[in-house]
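Given chain A's structure and the hints, the job is docking chain B onto it.
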Amino acid sequence: MTQTMTAARAPGHSGRRRNNGTLPVLVLFLPPALLIFTLFVILPMGEAAWYSLYDWSGYGLPEKFIGLKNFEVLFRNGAFHQALINNGLIMVVSIVIQIPLALWLATMVSHRIPGAVSFRLIFFMPYVLADVAAGLIWRFVYDGDYGLFAAIASFFNVASPYVLADKNLAIYAVLGVIVWKYFGFHMMLFIAGLQSIDKSYYEAAEMDGATRWQRFRNITLPLLAPTIRLSVFFSVIGSLQLFDMIMPLTGGGPSNSTQTMVTFLYSYGITRMKVGFGSAIGVVLFVICITLAFGYKRIFMRND
Amino acid sequence: MKFRTLFGAAIGLALSASTSLADVTVKWLHLNTDPDVGAAWGEIVKNFEASHPGVKVEMQFLENEAFKAKLPTLLQSNEPPHLFYTWGGGVLAEQARTGAIKDLTEAMDADGGKLRAVYNPALVNGLTVQGKVYALPYQTGLVSFYYNKALFEKAGVDAADIKSWADFLTAVKKIKDAGITPIAGGGGEKWPIHFYWGYLAMREGGKAAFDAAKASEGDGFTSEAFVKAGQDLAALGKLEPFQQGYLGATWPQTLGLFGDGKAAILLGFESTVYMQGNGAADGKGLPRDQIGTFAFPLVDGGAGQLTDTMGGINGWVLTKNAPPEALEFAAFLTNPESQKLMASKNLIIPAAIGSGEAIQEPLVKNAAQGLAASTWHQNFLDQDLGPAVGRVVNDVSVEIVSGQMSPEDAAQQIQDAWALDN
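Respectively, the protein sequence lines represent chains A and B.
The C-terminal position of the first sequence is numbered 310 in my numbering, with every residue numbered one higher than the one before it.
The C-terminal position of the second sequence is numbered 425 in my numbering, with every residue numbered one higher than the one before it.
Isolated chain A, as found in the complex (with noise of 0.2 Å):
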């Protein structure tokens, strides 16, 4: 009997108290976070949304009104067909060449042999250094006079690249400062992620008599599967980003062959004082992004 009442009112007891429990929660931990996001977020991206439809210059309110004018000159624009190509190219070579590249010196590094730990530190170093840093340090290096492309080239006595100079090589160097820059934090990824990965299934395949390879194909490849789709995922959203490196690197130069969306919507919008023309490129960016997002999100991700 005293079972019965006990389980009739348990649930209507328990009801009670999510309403009682959350909603104060609700109340005083939603509002803030909503309104910050709401101000920031939100209201910017919409107000990006409609500038684009005005030929406007930043200064007092947009009033030219243009329709979509803006994205039709931004559609018809070559440097903007190359900073769209450049992205790309970028997010190619993140997944072709730095994935790889930082998988294979995680699964050195993470060993618990001598020296690990400080190669892991350097390696990760690029990561830590700022954008801008990280590009005033590489257009030193790149530098056709002074710099260490330079000395290298007057050691074997050939004539010294100029390779930001160089339209068809300055994106590659581009490229170059890129893998160096951000390896590092990938490798961080995996390393933690081969963390997690039991040693009893190495032991067990080494007993099978499992080659390196054959351990690496089928018991680190798929249970780091997660980690690797993470990092893609932070390849491709980081491409789409990339700003701060390029500008003192080359500045999108020479001829708008290292342009990117980012420092395309920076030297097209805000310099050039064209802020709704930046707006419009700026919800382009923001479409591919989300597209790019959401759909990786629910293609590959699903699981994870």
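Calculated directly from the structure, the hints in this document are not laboratory data.
No incorrect hints appear here.
No farther apart than 30 Å at their CA atoms in a straight line, the calculated lysine-lysine pairs in the DSSO-like style are these:
#, chain 1, residue 1, chain 2, residue 2
1, A, LYS75, B, LYS73
2, B, LYS241, B, LYS265
3, B, LYS323, A, LYS70
4, B, LYS177, B, LYS157
5, A, LYS70, B, LYS71
6, A, LYS70, B, LYS73
7, B, LYS49, B, LYS323
8, B, LYS177, A, LYS173
Structure of chain B alone, referenced to chain A:
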């Protein structure tokens, strides 16, 4: 209108009277990074504060690019600076259009035009938008050719022989044949190359061509003069006159190259004589007597004159709600005494009439005299035509000289950008 200003003045007076002992702080936003200029300004501020008790001048600094990017937001904020730097041209016009800055016409013409009479009229004109003065002129500049005398001698070139663009091209060839880099070019920053296109357009079309293009008359920027300017520039580009890797070179690198004696010619500012030293590997650069100068040469059959000059026009803008003390300070900063102080240290070519005589350095003085004799002074095109069109001019100048774009396409791009804006 008159009543309102009077009323405003009365309130201002009343306020300043009641708070005469309290401090008024003039907020002065600048982008100077030269310590010598900073020191001279410090002196001027001290003089001003001594003669204006209760007024304090507070300097605020923004780096060049940051200044340009941040100013629109700053001007619309609740805490705009009272006084800031301007290059005139399209940006000033844009600022004027929004009403964020003060119309100084009345102040200029008060007391029978006492303030207006202080400055070189061409400069006041350069800071005037639709008949209204929006800034007090502060300094001006001249872009002209500077050359390394020793390298010219080595190549057997005499600067006095360079009368026309064709002569110039011949000289470039001769220098190149002598195994010397003829010209130091800053293609990475683009605007150093726009000096070439700009000057060539001035020499080809004269003032009339610019006036017509700006009024959107005829073929605008696609008219013959501008296409020809592009062709002249392309002809220079074909000679490959610049140093290796000039398309990535910054302006300081370019100055350094000239200062190191690795290039014979530089198209640069009036301050080249100093800047080349700062940029040089040894920190000294070429000895001053080893640097010569000549005006941008004429083109055959062009409408321009040798005395038509291109260079900066700079001034100080007051924001709408700036206190009267801010105007007093701006006038003090640009009065003949302060300008002479700056000029005597060779820091600026002053905007105040007669102050240029104080300049000591012969090369700078030479530029000042060139400006005094100017028949038409054109502001930098990337300022004058506004930031959007200006950047297109910079872009296409580099594209033309590096052979990436035809002069016709370049003219069309400028015209397209101009038509979009005007």
